[in-house]
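**Student:** One line per chain: the protein sequences are A and B, in this order. If you use my numbering, the first sequence closes out at 517, no skipped numbers anywhere. If you use my numbering, the second sequence closes out at 517, no skipped numbers anywhere.
Simulated from the structure, these hints should not be mistaken for lab results. Treat the hints with care, as some may be off.
[Said to hold, decoys possible] Here are the computed lysine-lysine pairs in the PhoX-like style, where the Cα-Cα straight-line distance is at most 20 Å: (1) B:K332 to A:K345; (2) B:K312 to B:K332; (3) B:K345 to A:K516; (4) A:K516 to B:K312; (5) A:K312 to B:K312; (6) A:K345 to A:K332.
[Stated by the list, open to error] From chain A, some residues computed to sit far from chain B (all C-beta separations above 10 Å): (7) Q346; (8) R400; (9) A407; (10) E408; (11) A452; (12) A462; (13) R480; (14) V486; (15) A508; (16) H509; (17) Q517.
[As the list claims (entries may be wrong)] Facing chain A, according to a computed beta carbon distance under 10 Å, are these residues of chain B, among others: (18) K332; (19) V356; (20) I359; (21) A378; (22) L380; (23) Y382; (24) L406; (25) E434; (26) A447; (27) A498; (28) D501.
Beta carbons: idealized from backbone N, C-alpha and C, even for Gly.
2 protein chains.
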Amino acid sequence: MKLYAYWRSSASWRARIALAWKQVPYDYVPVNMLKQEQRQETYRSVNAIGQVPTLELDDGRRLAQSLAILEYLEETIPQPPLLPRDPYQRAVTRQLAEIVNSGIQPLQNTGVLEAIVELGTTREAWARRWIGDGLDALMRTAAPHAGQFLVADTVTIADVCLVPQLYNARRFGLDVARWPLLARIEAACNDLDAFQTAHPDRQPDKQ
Amino acid sequence: MKLYAYWRSSASWRARIALAWKQVPYDYVPVNMLKQEQRQETYRSVNAIGQVPTLELDDGRRLAQSLAILEYLEETIPQPPLLPRDPYQRAVTRQLAEIVNSGIQPLQNTGVLEAIVELGTTREAWARRWIGDGLDALMRTAAPHAGQFLVADTVTIADVCLVPQLYNARRFGLDVARWPLLARIEAACNDLDAFQTAHPDRQPDKQ
């Protein structure tokens, strides 16, 4: 395996700990964030969102997002484990991991702090910037895997995350026609009972 | 089951879709974010980080973080599935979900946008604010589950996320003595080979 990483990136570091824990040998490919290499086209072809780490498998397939990498390593190399066996304990573990992964780290990562410094903007412009960049990356990453839904022809947690995000994109004034693949999949989801039942407008506390 | 949620919250919405998909009946407990109920002590005793959703199981145990809830539902109610069967496809699915969950949504959620509006601050103060709040929530959430590590006495992905985050806390000038439980677990992790090998200072691209 090959790990595209930056020594100080905490998401890269998580992947390194897991690889070492599972005793997986790998080649280390440095991506120099001080030189903005993560945003250059060379690396963007490896990782659409321009973030480290990316794990490249021996067959050349690639994976990004550190938690997805951790779960993949856990499933393919179960010993020694990184998740408890009991379902509730597993859920608590993931909850704690997500407090860091989605609750803390994204708000203090390098790109976001740079944007804060540049800030002379409105809430809406700020939100549109990150939603726009994120959906660009999502569409580019999903394209080779998509079928009727984001991953082949079955609903997955990825679709579950997509639908609420596109609603937010519209709230902040983005035209989702910019992401035709995502808009088409959203429409397919919205045909399904589970997605209709769960829509904000159908909830008892709607205002 | 019981779901603490807000109609428009996208993380709540994800949980609703999954519950509907798995055909799980549940009681809906609205948490009014316009009235800041999610930050009040009543709800903080349900969810330390003051975010929706929280899933309460029939035995009263609680779970938060929407992705952890989705994975829990997938493991305990496998049919109909929300993850593909092939390990690589599973990883791609999680990668796409995390682009939304940690890459987009945290940067445009209500609390963050409010903070942006108030912004008259430095990068460091901004980072300290979110790291501080997040680690407070992490310690409070982990406390009932912690042993030698965050969840009982075995290393998990939660510990893998903890160690790099505490390093960042120090970089931004926070004193980690504020979180004695987390500091103790960090020390236990740092005794292990996998954590030592993976440390930034041991990487070939260290500057």
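**Student:** Please settle this one: A:V486 was flagged as non-interface, so is its CB more than 10 Å from every CB on chain B?
**Tutor:** Fine: 13 Å to the nearest Cβ keeps A:V486 off the interface.
**Student:** Closer than 10 Å between Cβ atoms is the bar; does B:V356 clear it against chain A? Give me holds or violated.
**Tutor:** violated (13 Å)
**Student:** Is the Cβ of A:R400 more than 10 Å away from each Cβ in chain B?
**Tutor:** violated (7 Å)
**Student:** Confirm or reject the statement that A:A452 sits farther than 10 Å, beta carbon to beta carbon, from all of chain B.
**Tutor:** Check fails; 6 Å does not lie beyond 10 Å.
**Student:** Grab the minimum C-beta distance from B:Y382 to chain A and call the hint holds if it beats 10 Å, violated otherwise.
**Tutor:** holds (4 Å)
**Student:** Answer holds if the nearest beta-carbon of chain A is closer than 10 Å to that of B:K332; otherwise answer violated.
**Tutor:** holds (8 Å)
**Student:** Classify the label on A:Q517 as holds or violated, using whether its beta-carbon is more than 10 Å from each beta-carbon of chain B.
**Tutor:** Violated: least Cβ distance 7 Å, not greater than 10 Å.
**Student:** Over 10 Å to the closest beta carbon of chain B is the bar; see if A:A508 clears it.
**Tutor:** violated (4 Å)
**Student:** May I ask you to check that A:E408 keeps its beta-carbon over 10 Å from the closest beta-carbon of chain B?
**Tutor:** violated (4 Å)
**Student:** Does the claim that A:A462 lies off the interface hold, with its Cβ farther than 10 Å from every Cβ of chain B?
**Tutor:** violated (7 Å)
**Student:** Is the interface hint satisfied for B:A447? The criterion is a beta-carbon contact with chain A at less than 10 Å.
**Tutor:** holds (6 Å)
**Student:** Run the C-beta distances from A:R480 to all of chain B and say if the shortest one exceeds 10 Å.
**Tutor:** holds (12 Å)
The earlier numbered hints that this structure contradicts are 1, 5, 6, 8, 9, 10, 11, 12, 15, 16, 17, 19, 27 and 28.
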